[in-house]
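Visitor: Chains as they are written, first to last, in our numbering: chain A, 1 to 136; chain B, 1 to 96.
For the record, the hints were derived by calculation from the structure and aren't laboratory data.
Check each hint, because a few of them may be wrong.
[Stated by the list, open to error] As a list, the in silico PhoX-like pairs of lysine-lysine whose alpha-carbon atoms are at most 20 Å apart:
| hint | chain 1 | residue 1 | chain 2 | residue 2 |
| --- | --- | --- | --- | --- |
| 1 | A | 70 | B | 21 |
| 2 | A | 129 | B | 58 |
| 3 | B | 58 | A | 70 |
| 4 | A | 70 | A | 7 |
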Amino acid sequence: MITRSLKGSLALAAILLATAYGMSLLADFNWVGPDMPDRVTQVMIGLILVLFGNATGKRPRNADPACDSKPGLMAAQRFFGLALVIGGLIHAGAWLLAPLEMANTLSMVAVIIALIAGLGRVAYAIFVKRQTPGDG
Amino acid sequence: MNDVFKALSDPTRREVLRLLKSGPRSAGDLADAFPVSRPTMSAHFNVLRGAGLVSTEKAGKSVIYHLNVSVLEEALLGFAGAFGLGTGVPPVSPPE
């Protein structure tokens with residue numbers, strides 16, 4: 001599973017780099033606007049964030065569910081995934097639609113808030129779990 | 001993805017997933033929460049397992065069900081529930 005996800009991640013990184021380079025070339029030839037390479041790359045980053053966030057709460061089919069039989073932590077993991085998906089969608093949407101100077105700030109703020117909210121929820125779940133060690 | 005839509009189209013299966021949100025439960029516990037026969041519930045569990053929405057763990061004689069949904073599947077679950085999808089369909093027939 002690790003090998004498969006590593007290969008997938010490397011493939012995504014390669015696609016991202018190739019797209020950025022390709023868009024830069026197109027911009028050099030004036031075939032696309034000067035802000036298009038930034039926009040396309042950032043929209044892709046947002047969508048990759050959505051992709052990873054979506055899969056965060058899901059275990060592989062062959063994984064042993066006994067290893068994560070902590071409902072609080074699983075709920076926190078699902079919330080973290082949801083936060084990443086929302087952050088990624090806002091990131092992609094901002095770079096797709098907003099003016100360039102606003103897109104930069106808006107997308108960063110959205111992703112940072114998503115990370116803080118998600119990690120905060122996970123930290124809270126771990127804290128609660130430590131307070132009640134006998135539970136689930 | 002087709003399996004996921006099929007699994008989420010039934011209100012009983014959606015209710016099972018909602019119950020599992022609060023934590024893992026045994027097949028017996030889940031079956032007791034619904035006014036349907038055990039074979040019917042077993043068929044529902046098979047559909048959910050086939051769609052990858054739940055994972056199972058053997059604990060002695062009982063089977064423990066764990067929720068295993070992605071963000072998209074959870075959103076679909078919410079949408080299907082909000083629009084009352086499949087409330088008029090007949091229940092799943094028990095396995096042969």
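Visitor: Hints first: check each against the structure and report whether it holds.
Guide: Here is what the structure says about each hint:
1. 70(A) to 21(B): With a Cα-Cα distance of about 11 Å, the restraint between residue 70(A) and residue 21(B) holds, given a limit of 20 Å.
2. 129(A) to 58(B): violated, 23 Å
3. 58(B) to 70(A): holds, 16 Å
4. 70(A) to 7(A): violated, 29 Å
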